[in-house]
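> Chain residues, written in single-letter form:
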Amino acid sequence: MTEPTPLHGTGRSSSSRAPRARQAAVLDDLLGEVARGDEIAFSALYDKMSPAVFGLARRVVRDPARAEEVAQEVFLQVWQNATRFDSDRGAAKTWILTLAHRRAVDVVRRDQSSSDREQRYDWRSGPDHDAVAEEVGTRLEHEQVRRCLGTLTDLQREAITLAYYGGYTYMEASTLLEANAATVKTRMRDGLIRLRDCLGVTR
Amino acid sequence: MTAELHTLVGAYALNALSAEEQARFEQHLATCAACRAEQSELQATAARLADANWETPPAGIKARLMDAVRRTAQDRPLGVSPTHTGRGRWLPVMLTAAAVLAIVASLGAFFVERDRLADAQQQQRAVAGRLAVLERQEDGVTAVLSAPDVRIRSASLDNGGSVRVIVAPSLNSALIAMDNLPILGDQYSYQIWQVGRGDPVSAVVMPADAKHRTGTQLLDNLGKTQAIAVTVEPEGGSTRPTTDPIASIALT
Ligand SMILES: [Zn+2]
Numbered sequence: 001m002t003e004p005t006p007l008h009g010t011g012r013s014s015s016s017r018a019p020r021a022r023q024a025a026v027l028d029d030l031l032g033e034v035a036r037g038d039e040i041a042f043s044a045l046y047d048k049m050s051p052a053v054f055g056l057a058r059r060v061v062r063d064p065a066r067a068e069e070v071a072q073e074v075f076l077q078v079w080q081n082a083t084r085f086d087s088d089r090g091a092a093k094t095w096i097l098t099l100a101h102r103r104a105v106d107v108v109r110r111d112q113s114s115s116d117r118e119q120r121y122d123w124r125s126g127p128d129h130d131a132v133a134e135e136v137g138t139r140l141e142h143e144q145v146r147r148c149l150g151t152l153t154d155l156q157r158e159a160i161t162l163a164y165y166g167g168y169t170y171m172e173a174s175t176l177l178e179a180n181a182a183t184v185k186t187r188m189r190d191g192l193i194r195l196r197d198c199l200g201v202t203r
Numbered sequence: 001m002t003a004e005l006h007t008l009v010g011a012y013a014l015n016a017l018s019a020e021e022q023a024r025f026e027q028h029l030a031t032c033a034a035c036r037a038e039q040s041e042l043q044a045t046a047a048r049l050a051d052a053n054w055e056t057p058p059a060g061i062k063a064r065l066m067d068a069v070r071r072t073a074q075d076r077p078l079g080v081s082p083t084h085t086g087r088g089r090w091l092p093v094m095l096t097a098a099a100v101l102a103i104v105a106s107l108g109a110f111f112v113e114r115d116r117l118a119d120a121q122q123q124q125r126a127v128a129g130r131l132a133v134l135e136r137q138e139d140g141v142t143a144v145l146s147a148p149d150v151r152i153r154s155a156s157l158d159n160g161g162s163v164r165v166i167v168a169p170s171l172n173s174a175l176i177a178m179d180n181l182p183i184l185g186d187q188y189s190y191q192i193w194q195v196g197r198g199d200p201v202s203a204v205v206m207p208a209d210a211k212h213r214t215g216t217q218l219l220d221n222l223g224k225t226q227a228i229a230v231t232v233e234p235e236g237g238s239t240r241p242t243t244d245p246i247a248s249i250a251l252t
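Sequence order for the protein chains is A and B. The working numbering numbers the first residue of the first sequence as 1 and each following residue consecutively. The working numbering numbers the first residue of the second sequence as 1 and each following residue consecutively.
Pulled out of the complex, with its shape left as it was, chain B reads as follows (with noise of 0.2 angstroms):
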């Protein structure tokens, strides 16, 4: 059983077991030693493999990487759940990693918002009162992004459009990340609210700036908010809904 146990050492090197045999050969590795100097010499003569292919990645990955790592705590285990995935103890949050990078697209958003009325900043009292919200929520962003219990709930448009909700439960706190939106006339507006056990609470206006595809904005009081809705309504909001939701995001 041992000497049948010892012959996986290749197999696994190349990421070649079954989850079963991985985990079987994982718990062997921990307690043989002529395995452990194997499996690391054998796992370095695989990696030189990957030599035989290099190929140039698209200039985007880094500029979305070099964002996405100044908004990235460091092995800070999130809210996932404890259990390990299986696939050996290099892999223990990958889940959080790519939850943190869908959502990166859409912050592009937020801060292409900020810097750019940041350049206007002189022009209008109003401008900058919003650079000052941004300015504040971007903070909070980040906080809600490295939540210890932080979780991401979707829903599809129509159009093919999204809208994201990342909710930290332990701030109180939810980010809206909405894509590829309907582009709506100027006599429209996007307003988000807050749904409870009463009526709706408009949480906010999408500001005209960021009415027509994109839109990020951060809600710092869920309170007992079950679920975000969106609705389109006149120009400037309403105060209680007047149309059906585009999307509804239950938030448990």
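Isolated chain A (complex conformation) (with noise of 0.2 angstroms):
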């Protein structure tokens, strides 16, 4: 398994950050303006999260149209919870994230079996990444992910991408992976922890 080579080192990019902080800021304010039941304010949130939201659910859960029922059903239950969201304990993109992953792996863990899965799994390939049209500061973040999932260990990587796009928990990765289970679980902590550090995630 080849190791891309890192463009630069692990350290944190301050060049993306401050449009990041602006971005994270217009997404916490419309989450809020949801929570008090503005139309207008959902539509706005929709159409900045949607494409995350959409990709997401399709890297997980591979058939579009379950894919689309997870999409409608998370952003419906985004205008229903948002009352609950609370600004303090994180950021409206990570919360409204947090809801698609876990409501994308709930599909994917009830649909197919672990095997299944295997079969369909891309290991690989995402969608094509031109095939939206981006910010060019939203363009930047994508390709910085790309880049830091690039610093990790390989088993770092194979464990988080494993887990999060393919919906296995730690315990059907470490079979995958033919590697011990208390250490898949500690490379899905210490990777995520490069991560963080790589990209400068503050929250």
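These are calculated hints, taken from the structure and not from any lab test. Warning: the hint list may mix true and false statements.
Pair by pair, the computed Cβ-Cβ distance ranges are [said to hold, decoys possible]:
#1 A:Thr153 with B:Ser156: 22 to 28 angstroms
#2 B:Thr31 with A:Asp111: 32 to 38 angstroms
#3 A:Ala25 with B:Arg24: 31 to 37 angstroms
#4 B:Ala37 with A:Thr175: 44 to 50 angstroms
#5 B:Gly185 with A:Arg36: 49 to 55 angstroms
#6 B:Gly223 with A:Glu33: 19 to 25 angstroms
#7 B:Ser248 with A:Asp190: 22 to 28 angstroms
#8 A:Ala65 with B:Gly198: 53 to 59 angstroms
#9 B:Ser154 with A:Thr153: 45 to 51 angstroms
#10 A:Arg89 with B:Asp220: 41 to 47 angstroms
#11 A:Ala25 with B:Asp220: 42 to 48 angstroms
Straight-line alpha carbon distances no greater than 20 angstroms define the calculated EDC-like cross-link-like pairs of lysine to aspartate or glutamate that follow [said to hold, decoys possible]:
#12 A:Lys48 with A:Asp29
#13 A:Lys48 with A:Glu33
#14 A:Lys48 with A:Glu69
#15 A:Lys48 with B:Asp149
#16 B:Lys224 with A:Asp111
#17 B:Lys224 with B:Asp199
#18 B:Lys224 with B:Asp149
#19 A:Lys48 with A:Asp190
#20 A:Lys48 with A:Asp38
#21 B:Lys62 with A:Glu69
#22 B:Lys62 with A:Asp88
#23 A:Lys48 with A:Glu68
#24 A:Lys48 with A:Asp28
#25 B:Lys62 with A:Glu143
#26 B:Lys224 with A:Asp63
#27 B:Lys62 with A:Asp38
#28 B:Lys62 with A:Asp63
Computed footprint of chain A on chain B; a stretch qualifies when at least three of its residues, placed anywhere within it, have a C-beta under 8 angstroms from a C-beta of chain A [stated by the list, open to error]:
#29 7 to 19
#30 185 to 196
#31 219 to 232
C-beta: ideal position from N, C-alpha, C; glycine also.
The two chains are supplied separately, each in an independent frame; assemble them into the complex guided by the hints.
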């Protein structure tokens, strides 16, 4: 398995942090307005977040129709539960994507046996990145995620991607990776810590 | 033991724990500030992984969602079991959201019919009468969907169509949503019956406009109705069923 060469070190990137912070604040504000029943804010929030939510659903559940259902359910839940969002506990974007990930993983665990998923899991390719029109700042962030994934060890990266994109538990991932479960659990944690530092995530 | 629990934080942020471990770790989170701080950062890190996979969703999703949003009350726990699903604090009423979405497609027929009749309103009194009925029902539809005890019963038809009954006992009401029904000739109608102790009581003969493939009907006087039945009857309906039901749905 080849290790992609990192373009830079693992240091925090400061160039994209300002726009990201601004973008995060916009999303937090929109979700606050959604919590007050503002349908226009909901529409704007959908426009900003739906490519990430739908893309994640597609990657995890694979089936386009199921992914559509997941995306709809997640956004309806965002509408219903926006009043419970607590910005002290995290960013709106994290809240929404955590809902989306949990929903997608629930669906994939219910629909497909582990062996079935193993056959269907697409190890390397994501959807065509160029298919989505993105702002330049957003695009740089996406490239940063890929670059930072490249700074992990093979086992860290595989454990994290099997869990996040494949919907596997760490026990299932350890079987697929033929590694000790306790080790895989630990690699998920130290891999995420390395990613956090590379991406400059503060909360 | 506690040291071992700390190490679950990465797998937790990736949603990679079994249900039991997840519940155990969430108990731990409530008492461990260090894990809470780390979880918050690692959760945000995990969410960034979604950035590598953007994909534009089909346009129809947004239209359906905006329609659903207009008819869905916010932050109102509906009549699902109050016990937690065990999938975390952020997922309390997923089932309800899914249930609401499941019927929005059927409701589309209701509003399409209303809008179409509104355009043709001046043409004839019969149409105006039906429009008034639909407009009166609109509030009832919204009320049923957001009732605290709402539940859904459904039946599949041989041809692949379906009949769903969304019941709100607290409102003495139910919404019947029929999808992909077999097409009837001009000389037949669908008729919906409320079945209780005695003879079935006609609830409604599906109007000609709606009788082809889909239909939605609000029943606002369930009383002691135990089941909803749908039959094919001669045009205009019958005083009692003359054929076996194509669908019969128990409400309990
Ligand atoms: Zn701890």
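> Evaluate each hint against the coordinates.
Evaluated hints:
no.: 1; hint: A:Thr153 with B:Ser156: 22 to 28 angstroms; in the structure: 51 angstroms, violated
no.: 2; hint: B:Thr31 with A:Asp111: 32 to 38 angstroms; in the structure: 35 angstroms, holds
no.: 3; hint: A:Ala25 with B:Arg24: 31 to 37 angstroms; in the structure: 35 angstroms, holds
no.: 4; hint: B:Ala37 with A:Thr175: 44 to 50 angstroms; in the structure: 31 angstroms, violated
no.: 5; hint: B:Gly185 with A:Arg36: 49 to 55 angstroms; in the structure: 52 angstroms, holds
no.: 6; hint: B:Gly223 with A:Glu33: 19 to 25 angstroms; in the structure: 43 angstroms, violated
no.: 7; hint: B:Ser248 with A:Asp190: 22 to 28 angstroms; in the structure: 59 angstroms, violated
no.: 8; hint: A:Ala65 with B:Gly198: 53 to 59 angstroms; in the structure: 44 angstroms, violated
no.: 9; hint: B:Ser154 with A:Thr153: 45 to 51 angstroms; in the structure: 50 angstroms, holds
no.: 10; hint: A:Arg89 with B:Asp220: 41 to 47 angstroms; in the structure: 43 angstroms, holds
no.: 11; hint: A:Ala25 with B:Asp220: 42 to 48 angstroms; in the structure: 47 angstroms, holds
no.: 12; hint: A:Lys48 with A:Asp29; in the structure: 13 angstroms, holds
no.: 13; hint: A:Lys48 with A:Glu33; in the structure: 15 angstroms, holds
no.: 14; hint: A:Lys48 with A:Glu69; in the structure: 18 angstroms, holds
no.: 15; hint: A:Lys48 with B:Asp149; in the structure: 34 angstroms, violated
no.: 16; hint: B:Lys224 with A:Asp111; in the structure: 38 angstroms, violated
no.: 17; hint: B:Lys224 with B:Asp199; in the structure: 12 angstroms, holds
no.: 18; hint: B:Lys224 with B:Asp149; in the structure: 17 angstroms, holds
no.: 19; hint: A:Lys48 with A:Asp190; in the structure: 31 angstroms, violated
no.: 20; hint: A:Lys48 with A:Asp38; in the structure: 16 angstroms, holds
no.: 21; hint: B:Lys62 with A:Glu69; in the structure: 12 angstroms, holds
no.: 22; hint: B:Lys62 with A:Asp88; in the structure: 29 angstroms, violated
no.: 23; hint: A:Lys48 with A:Glu68; in the structure: 16 angstroms, holds
no.: 24; hint: A:Lys48 with A:Asp28; in the structure: 12 angstroms, holds
no.: 25; hint: B:Lys62 with A:Glu143; in the structure: 27 angstroms, violated
no.: 26; hint: B:Lys224 with A:Asp63; in the structure: 43 angstroms, violated
no.: 27; hint: B:Lys62 with A:Asp38; in the structure: 15 angstroms, holds
no.: 28; hint: B:Lys62 with A:Asp63; in the structure: 19 angstroms, holds
no.: 29; hint: 7 to 19; in the structure: holds (count 11)
no.: 30; hint: 185 to 196; in the structure: violated (count 0)
no.: 31; hint: 219 to 232; in the structure: violated (count 0)
Checked against the numbered hints above, the structure breaks hints 1, 4, 6, 7, 8, 15, 16, 19, 22, 25, 26, 30 and 31 and satisfies the rest.
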